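Visitor: Here are the chains, one letter per residue:
There are 2 protein chains.
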Amino acid sequence: MSQTWQNLLEHKHKLASTSIYSLFEQEPNRWRKFTVSAAGLFLDYSKNLIDSSGMRLLSQLAEEADLKTAIKAMFSGEAINNTEWRPVLHTALRDLNRKQDLIVGKENITRLVQNSLKKMEQSVNAVRLGKWRGATGKTISNIVNIGIGGSHLGPNMVVEALKPYASPEIKSYFVSNIDSSDLCETLKKCDPETTLFIISSKTFTTQETLCNANSARTWLREKLPKIAEKDIIRQHFIAVTARPERAEEFGIDTRNIFPFWDWVGGRFSLWSAIGISIAFAIGMDNFRALLFGAYCMDQHFLTAPFSENMPVILALVGIWHINFCHMHSLAVLPYDQYLSLFPAYLQQLDMESNGKSVTKDGKPLDYATAPVVWGSVGTNGQHAFHQLLMQGTEPLPVDFILPLQSQNPLGEHHNLLAANCFAQAQALMQGRSQKEIIPELKEQGFTEDEIKNLLPHKIIAGNHPSNMILMDKLTPERLGSLIALYEHKIFVQGVIWRINSFDQWGVELGKKLTNKIAPALLGKKTNLDALDQSTRELIKIYNQKKPT
Amino acid sequence: MSQTWQNLLEHKHKLASTSIYSLFEQEPNRWRKFTVSAAGLFLDYSKNLIDSSGMRLLSQLAEEADLKTAIKAMFSGEAINNTEWRPVLHTALRDLNRKQDLIVGKENITRLVQNSLKKMEQSVNAVRLGKWRGATGKTISNIVNIGIGGSHLGPNMVVEALKPYASPEIKSYFVSNIDSSDLCETLKKCDPETTLFIISSKTFTTQETLCNANSARTWLREKLPKIAEKDIIRQHFIAVTARPERAEEFGIDTRNIFPFWDWVGGRFSLWSAIGISIAFAIGMDNFRALLFGAYCMDQHFLTAPFSENMPVILALVGIWHINFCHMHSLAVLPYDQYLSLFPAYLQQLDMESNGKSVTKDGKPLDYATAPVVWGSVGTNGQHAFHQLLMQGTEPLPVDFILPLQSQNPLGEHHNLLAANCFAQAQALMQGRSQKEIIPELKEQGFTEDEIKNLLPHKIIAGNHPSNMILMDKLTPERLGSLIALYEHKIFVQGVIWRINSFDQWGVELGKKLTNKIAPALLGKKTNLDALDQSTRELIKIYNQKKPT
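As you go down the protein sequences, you meet chains G and C in turn.
With the numbering used here as the guide, the letters of the first sequence map in order to residues 1 to 548.
With the numbering used here as the guide, the letters of the second sequence map in order to residues 1 to 548.
Hints listed in this document are in silico derivations from the structure and should not be mistaken for laboratory results.
Treat each hint with caution, since some may be false.
Which copy is meant is left open, so a pair is good if it fits within one copy or across any two.
[To be verified] With a straight-line Cα cutoff of 30 Å, these simulated DSSO-like cross-link-like pairs (lysine-lysine) come out:
no., residue 1, residue 2
1, Lys72, Lys360
2, Lys360, Lys68
3, Lys540, Lys473
4, Lys230, Lys189
5, Lys512, Lys226
6, Lys189, Lys226
The structure presented is a predicted model; accordingly, all values stated were derived computationally and were not measured.
Bound conformation, chain G alone (with noise of 0.2 Å):
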């Protein structure tokens, strides 16, 4: 344990016994001090049980883990991801008007992005413009994108989250479970005759992925027996793949394969072609433009020192949470109806990047690292989960984002949500001590022995941690920053951690073992000696259909 970590224990438990109520009174500044704007955003941290002191140590920690470095060397393209030794440069994806040329081995990064920009625009106006036929002859109004992870989360949230700006006319759907209801609920909704799929999968052998894209194009084979197979799969599949051979073989035209590299990793992939899907939804321009967000953030991020640093800070103030005070989840509540896929989103970008227990050296940690990051839309978890989160045994800290404006504007709904938010932030502050609940339960009426029973129940605590995000308005590029802004919170938190939170070994096992229980269910006579009683007995079970 370093002499930084051991002061932070100490100046937590000095901070122990003080209120985030009181911090305000020591420090006049606080608000100013702990607040800051960048590419867009701005974002509140007053909220948090830690004055400047604590945001000082907590700085210094980044500095020994030489932060500074393992940032340049993140956007310079080195091998960060030492366990499959690959850089990792999904920022290089939205650094459209570089002037150097970014070489990695022997490749030329940044001629590969800007290519692969093109070639999406292409094909991207070519189904917007009308220009793109089906089989059948007519243009294209569904777009079916057949992905999962990386290839789900980020396109489908970002969908979701920029509708206002979506083409009327094309209908965007994400299919990503193996389970059939997933795929077959989809095609209900679809004309086959003017419907486009998008395969994505980096290896293109993503179990989910390749068998939603062969019981897809048995639909298109069943629904337009006339036409010839080849002309189905070229006029209605389009593939995302670093592995072009492969979508080649399953019959995809190769002018519409789009390339995907080992250097971007599939949570962070959203930037690259595998964002086509966004691309159909809303044009190149506000996709570009979501690039430019992000662009910003990390020119931000790469130039700004720490203490003005928004990633920096946001993934210091988690830090303090996790190690410090014992918090183990992340309650994300974005208070825009738009933005409801975006828990979901960053669920994988943090668990599965920084889900690990050893270093990047293989040594076991003695410290927590990634929490559990859930949450939903405001105002909607007020009525659900915001009783736990006032009241519950254990506080629990929390990321608040709002925009501004709404992209909807009508009546005093907009102003409505506003008050909600700033006032949970608040109510999870201050909480509600008995000195104000009394006299409010006498004047409506209630006995001496009443107000007894009820006052311990209406107790908050308060001293509750959270942190407020604003934007103007969630335009494309205001989202593309605030993605950003979170991507690299969390690779800051890995590199504090001194973790890998590039790879994801841990998902590995589910799928060989997936591949051996498979041939079982599949009515292939296997042997189950070897499995556990209980997955052996499972299998029987399901062999039979009826669980009793």
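Please build the complex by placing chain C on the supplied structure of chain G, with the hints as guidance.
Guide: Just chain C now, with coordinates in the frame of chain G:
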């Protein structure tokens, strides 16, 4: 701390050095002992780090909390919600063939429930048979439920889950958020002439619901300018509320106002007329089958000994994880696309019920209560957050839910879905040791040095607990059983924790503060001096509509 609690702590200590895997060896009959069937559901809880003597100790906790009496008190209508002086009788809503009347105070609950169902049936059939006409004479094809919290999450989850049973002629929508984007995006899909709004609010004062109801009324007025407002409201609005006089004030016809009662909590209300949106979608027969499934679980819960009582067992295993293994979240992973909203539904049910920190008598607790409930459908989660489940720094409990038969049989999709589900549970339990990894890496051609470096990243500790819940098929009846299972699980935990699971005083403060902040955002002159610095400055920023 009771002796049993103490014994359980010691028992945990004893089990700390063992593994779930080895418990199967110690108890050859383990699988048979640690599985239970009820009401068409099957629970395998053998993959938890708990043995038979541990389960007996946990069962003692339940005995000592006088669970048997508490269950009877709930079903018989005692005022177990002791801070609101109310009975808790959602179970009466599904006890349809009850011979004896259930009398609470002066009310005959049995009669009320039957009458409400009859009234529902009339309206539901009128709409579904095309007899109910909009103000311009057209049949109804869009149902928009306006409600939030319990008036949203339950009905929306069920309508989504039972889509295969829904009439294709009726489209169901749910509007809950005060964010105008929620309503506006929904109305874009609706034809005013064929749209029926359900306004669901116990008090008929819920800010979100009334704000949306008013905007919906304005929309209809603007879209149907030639129709008298009276006729618009009569033909296009129904209400579900405990305050019918307020719904009448809104203009809703008495015949279109459905009852809601004090003895049904919002988060337990989908079985009442709050579920009318479900009935519009799937018809009364299916709605009754849903109720019947819950009734079957009720009967099981009432009569089975604790050692064979599925809700009790699920509760005890949860208590074990929360209070003795100190796991503070619960991942709910339904392997069924139709259950996509089930985790969000359970969030409210669990976290609002048991997110409490004082006993029923108002004494502060020194143990944890409700966990953070989160999750998503499988297999999607595998490509998102399972990395953390497998290799995060803290083990988390998981509930898997799997219907054995698909609603949409298609190729091998369902077999693979099940294989994935079983494999994940197996992987969490058995993990992956260096003994298994090294030969594999050798085979893949890695050098000794590379293997040494890679190995620690590939190891999965295992020994992570999970439950597996199976059913034959996701029918209305089975879904009813599943929901009631969790309702009762949460009730049992509340009884053991000595808390009131049926109030939600923690959400009051946010409403109060919203009312204080709102005028300042609505442009009214307000004195902000009493507010904390952060809230005050955020209000200023909001009023400028620019974050910086």
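Visitor: If a hint holds in the structure, say so; if it does not, say that too.
Guide: Status of the hints after comparison with the structure:
1. Lys72 <-> Lys360: within (18 Å within a copy, 56 Å between copies)
2. Lys360 <-> Lys68: within (17 Å within a copy, 53 Å between copies)
3. Lys540 <-> Lys473: For Lys540 and Lys473, only the inter-copy Cα distance (16 Å) is at most 30 Å; the intra-copy one is 54 Å.
4. Lys230 <-> Lys189: within (24 Å within a copy, 36 Å between copies)
5. Lys512 <-> Lys226: Answer is neither: 40 Å inside a copy and 65 Å across each miss the 30 Å cutoff.
6. Lys189 <-> Lys226: Answer is within: at 22 Å inside a copy they meet the 30 Å cutoff, but 34 Å across does not.
Of the numbered hints given earlier, the model fails hint 5 alone.
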